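Undergrad: Taken in order, these protein sequences are the chains called A and B.
Under this note's numbering, think of the first position of the first sequence as 173, with each following residue one higher.
Under this note's numbering, think of the first position of the second sequence as 436, with each following residue one higher.
Be careful, since some hints might not be right.
Far from chain A, by Cβ distances over 12 angstroms, these chain B residues were calculated [unchecked claim]: (1) I503; (2) D546; (3) S553; (4) Q581; (5) T608; (6) R649; (7) A663; (8) A683; (9) E725; (10) G730; (11) D760; (12) F815; (13) D838.
Simulated DEER-style distance windows between Cβ atoms [unchecked claim]: (14) B:P707 - A:L310: 13 to 23 angstroms; (15) A:R400 - B:Q467: 53 to 63 angstroms; (16) B:E679 - A:A264: 25 to 35 angstroms.
Keep in mind that the hints were calculated from the coordinates and are not lab data.
Just so we're clear, the structure is a prediction, and the values are computed from it rather than from any experiment.
Beta carbons: idealized from backbone N, C-alpha and C, even for Gly.
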Amino acid sequence: MTLFLLRRCATLLGTLLLVSLVVFAVMNVLPGDPALVILGLDATPEAVAALREELGLNDPLILRYLSWIGGAVWGDFGVSFSFDLPVSVLIAERLPITLALAGMATVLTVSVALALGLFAASRHGRPGDWGIMVLSQLGIAIPAFWLGMLLILLVAVQWRLLPPGGFPGWSDPVQAIRALILPTVALALVQSAILTRVVRSSVLEVMRLDFARTARAKGLSRAAIFRRHILPNALVPIITIVGMQVANLVTGTIVIENVFSLPGLGRLVFQAISNRDLYMVQALVLLFAAVVVIANFLVDVAYALIDPRLQERLS
Amino acid sequence: MNMTTSALALCAALALAPAVLAQETVTIGMQQEPTVLDPTVDATASIDGITAHNIYESLTTVSESGEILPALAESWEVSEDGLTYTFNLVEGALFHDGSTFDADDVKFTFDRAMAEDSVNPSKGIFEPIASVETPDAGTVVITLSQPDAFFLFNIAQGDASIVAPETAETNTTNPVGTGPYRFDSWTRGDRLTLVANPEHRDYSDAVIDTVTIRFVADPAAAVAALMAEDIDAFPGMPAPEVLEQFKADPRYDVVVGTTEGEVILALNNSRPPFDDIRVRRAVNHALDREAIIHGAYFGYGEPIGSFFPPHHRSHVDLTDMYPHDPAAARALLEEAGAVGTEVTLRLPHFPYAKRSGEIIQAQLEATGFEVSIENVEWAFWIGEIYSKLNYDMTVIAHTSPNDLGNFARGPEYFYGYDNAEFNALWEAIRTEPDPERLDALLKDGQRFVAEQAVHGFLFQLPKLGVYRTGLSGYWQSSPVLFSPLNELRWES
Chain A
173 MTLFLLRRCA TLLGTLLLVS LVVFAVMNVL PGDPALVILG LDATPEAVAA
223 LREELGLNDP LILRYLSWIG GAVWGDFGVS FSFDLPVSVL IAERLPITLA
273 LAGMATVLTV SVALALGLFA ASRHGRPGDW GIMVLSQLGI AIPAFWLGML
323 LILLVAVQWR LLPPGGFPGW SDPVQAIRAL ILPTVALALV QSAILTRVVR
373 SSVLEVMRLD FARTARAKGL SRAAIFRRHI LPNALVPIIT IVGMQVANLV
423 TGTIVIENVF SLPGLGRLVF QAISNRDLYM VQALVLLFAA VVVIANFLVD
473 VAYALIDPRL QERLS
Chain B
436 MNMTTSALAL CAALALAPAV LAQETVTIGM QQEPTVLDPT VDATASIDGI
486 TAHNIYESLT TVSESGEILP ALAESWEVSE DGLTYTFNLV EGALFHDGST
536 FDADDVKFTF DRAMAEDSVN PSKGIFEPIA SVETPDAGTV VITLSQPDAF
586 FLFNIAQGDA SIVAPETAET NTTNPVGTGP YRFDSWTRGD RLTLVANPEH
636 RDYSDAVIDT VTIRFVADPA AAVAALMAED IDAFPGMPAP EVLEQFKADP
686 RYDVVVGTTE GEVILALNNS RPPFDDIRVR RAVNHALDRE AIIHGAYFGY
736 GEPIGSFFPP HHRSHVDLTD MYPHDPAAAR ALLEEAGAVG TEVTLRLPHF
786 PYAKRSGEII QAQLEATGFE VSIENVEWAF WIGEIYSKLN YDMTVIAHTS
836 PNDLGNFARG PEYFYGYDNA EFNALWEAIR TEPDPERLDA LLKDGQRFVA
886 EQAVHGFLFQ LPKLGVYRTG LSGYWQSSPV LFSPLNELRW ES
């Protein structure tokens with residue numbers, strides 16, 4: 173297990189390093205001078221030159237990359253060009269909102285999917301199953317941003333139940349949670365529709381296997397069969413999908429935060445890219461990449477824990 | 436209580452949580468969020484929009500009709516040769532950190548903007564200044580090296596905001612000025628709050644205590660926030676199609692004003708086919724401005740025939756110089772041997788550009804051009820089109836006032852236009868102290884640019900404002916980038 177974890181950690185760090193190189197290269201190849209973007213159309217060439225010098229844009233590329241990645245190792249991600257503040261401060265401001273949003277969406281996704289998926293499996297072939305299948309198909313087809321706009325129109329504008337967007341800050345937790353409910357629902361719907369189908373088919377598949385029949389033949393209760401035999405075996409594909417979905421939910425905040433004007437990382441990355449805010453974009457892309465890689469890592473660990481046979485194979 | 440009941444109770448509690456509503460606050464929606472809060476280092480228009488003449492003040496200011504008024508300078512005298520300006524400063528003005536304002540702050544501000552390593556985005560407006568002197572704490576004498584017809588107007592702008600040496604460096608995140616509002620807080624990505632400054636010389640109890648600016652980038656979200664009464668005003672509504680909805684709603688007033696933004700179909704005069712005046716004239720004949728304004732802006736926006744705002748007193752209507760005439764356009768193209776020329780129209784992400792672009796494409800294709808559209812993002816636009824002139828055509832609004840001089844910025848400027856005759860004319864305009872002669876010269880300048888058909892001149896960008904009924908004191912139009920908040924009032 174230790175060897176397995178070490179190897180996975182090395183892969184994780186290697187991936188992040190590669191991502192940092194690629195994003196640095198891409199941002200520098202893309203046209204658009206940060207100094208010009210900041211100074212705008214009336215800027216004189218001298219002002220642009222002075223700002224380029226101040227931002228360190230005249231240093232050789234390799235030097236800029238090394239000094240950035242060197243700082244990043246110690247948690248110093250540089251100073252944002254456009255906001256004139258340390259990147260880490262800006263990320264720390266925004267992170268809680270994105271985490272809360274992605275976290276709430278994950279909980280909602282998993283709980284809805286488990287409830288509906290298990291229910292559908294237990295009603296296999298009957299109207300309940302059929303209804304959930306149709307609903308989940310619909311859910312998969314609805315884009316998150318469109319659902320978001322629909323929720324704003326209905327729940328916020330028409331019924332006035334929840335705010336249509338924006339974020340009042342954490343000082344009033346009730347208002348903060350209220351602001352996050354609609355975005356959470358918009359974000360979670362597609363994912364929970366997908367997961368519902370996975371849960372249902374995974375459970376159905378396991379129910380058909382020999383050991384499930386044996387357990388039934390032994391006269392075990394339905395609940396016991398389910399808990400001891402079906403669920404553990406059905407969980408492997410479910411966890412794979414959940415792992416992928418966590419990554420989707422975090423990156424999905426980019427769209428949803430823009431629809432709901434939430435000041436999280438998703439909006440920050442949007443602003444940073446259009447401002448050519450190099451250090452900011454690099455740090456954010458690294459962060460999003462880290463979430464995806466770590467989610468995969470955790471899925472592997474979870475496999476190993478659920479199924480000892482996989483542990484041997486993976487190490 | 437079972438699960439369902441408690442869930443319902445929770446929902447109800449959340450839904451009924453009290454919403455604070457007080458009349459001494461105003462919440463204004465804005466599409467673009469500033470990156471920093473110092474207009475003297477960054478060109479982002481929303482920085483001026485929020486901070487200039489609210490947090491900071493300049494020596495002079497500008498009224499909604501474009502008139503130059505006193506601000507930190509309560510009066511001034513101009514020498515007869517138009518070279519020496521003597522400003523008498525207001526007495527007793529304080530910066531928000533409690534320090535006093537005096538002539539040294541003005542000198543510091545101007546010297547800082549004029550310095551070699553200055554990153555002031557409008558460094559050009561300080562160029563005519565030869566020296567800034569402070570005979571006493573209440574007087575500033577600015578000497579110019581040549582007369583400047585726009586000097587008093589230029590120093591009213593956010594780029595010339597007066598800052599104190601002690602706080603200049605930290606103004607980007609903690610702005611300190613002398614203005615009627617103090618900076619209170621900024622939740623980046625969401626809102627910025629200003630509070631009234633009781634120390635200000637114009638303070639009265641009627642001033643709105645707290646002004647919150649909410650940043651809503653998405654037009655649909657802006658509409659929802661207004662409809663849900665989360666926002667009291669959205670002075671720069673990016674979506675003209677929603678105005679009808681607000682017009683029909685008694686809770687809102689829809690106010691359509693103008694801006695300084697001339698929307699042009701910019702042509703790259705430095706490369707074929709647009710280095711040929713016949714082709715450029717063909718473009719101007721091919722454009723149907725009314726159709727563009729109707730299609731792109733639901734009829735809001737005034738057609739322009741040259742590079743000049745119709746609300747300006749020196750405006751001449753030149754929209755008839757190249758009437759919409761596809762046959763004439765075709766004939767000119769044939770004469771130039773340019774029928775079927777393939778050109779690319781690169782559009783930045785602004786709604787006015789995208790909406791106009793597709794209509795323009797159709798109109799140009801009807802007269803013999805082959806037009807392909809490329810949508811580009813803003814940094815690309817700045818990098819490739821603006822600084823490298825790597826384009827055929829683009830649609831852009833020029834939002835600065837008094838910017839006819841763009842055509843005298845030489846072949847490196849993205850128009851790729853270079854004409855010694857116009858350069859001389861602009862030099863005369865720029866240095867003309869007499870208002871009447873200036874008026875005549877400005878008209879000559881407009882005619883010159885229109886005759887040369889440097890670009891396709893489309894329309895003046897409207898300012899589409901949605902305001903809660905009962906709110907007054909806002910500017911309907913935007914003659915400058917800033918918009919004062921201290922006249923805002925709620926009707927009781």
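Undergrad: A separate judgement is required for each hint: does it hold in the structure or not?
TA: Consistency of the hints with the structure:
At roughly 20 angstroms, the least C-beta separation between B:I503 and chain A is larger than 12 angstroms, which holds for a residue marked as non-interface. The beta carbon of B:D546 is kept farther than 12 angstroms from every beta carbon of chain A, the shortest such distance being approximately 15 angstroms. For B:S553, the condition that its CB be more than 12 angstroms from all CB atoms of chain A is violated, with the nearest at approximately 6 angstroms. Distance check on B:Q581: its Cβ is at least 17 angstroms (rounded) from any Cβ of chain A, clearing the 12 angstroms threshold; non-interface status holds.
Once the 12 angstroms rule is applied to beta carbons, B:T608 is inconsistent with being away from chain A; the minimum gap is 6 angstroms. Not every CB of chain A is more than 12 angstroms from the CB of B:R649 (nearest about 6 angstroms), against its label as outside the interface. Interface exclusion of B:A663 from chain A breaks down, the closest Cβ pair being 4 angstroms apart, not more than 12 angstroms. For B:A683, the condition that its CB be more than 12 angstroms from all CB atoms of chain A holds, with the nearest at approximately 15 angstroms.
For B:E725, the requirement that its beta carbon stay farther than 12 angstroms from each beta carbon of chain A is met, with the minimum near 28 angstroms. Distance check for B:G730 against chain A: the nearest CB is about 24 angstroms away, which clears 12 angstroms, and the non-interface claim stands. The claim that B:D760 lies off the interface holds: its Cβ sits roughly 32 angstroms from the closest Cβ of chain A, which is beyond the 12 angstroms cut-off. With a closest Cβ-Cβ approach of about 5 angstroms to chain A, B:F815 is found to fall inside the 12 angstroms limit, against its non-interface label.
Annotated as non-interface, B:D838 brings its C-beta within 12 angstroms of a C-beta of chain A; the closest such distance is 8 angstroms. One distance hint, 13 to 23 angstroms for the beta-carbon pair B:P707 and A:L310, is violated here, with the actual separation near 54 angstroms. The hinted window of 53 to 63 angstroms between A:R400 and B:Q467 holds, with their beta carbons roughly 59 angstroms apart. The given range of 25 to 35 angstroms is broken by B:E679 and A:A264, whose C-beta atoms sit roughly 43 angstroms from each other.
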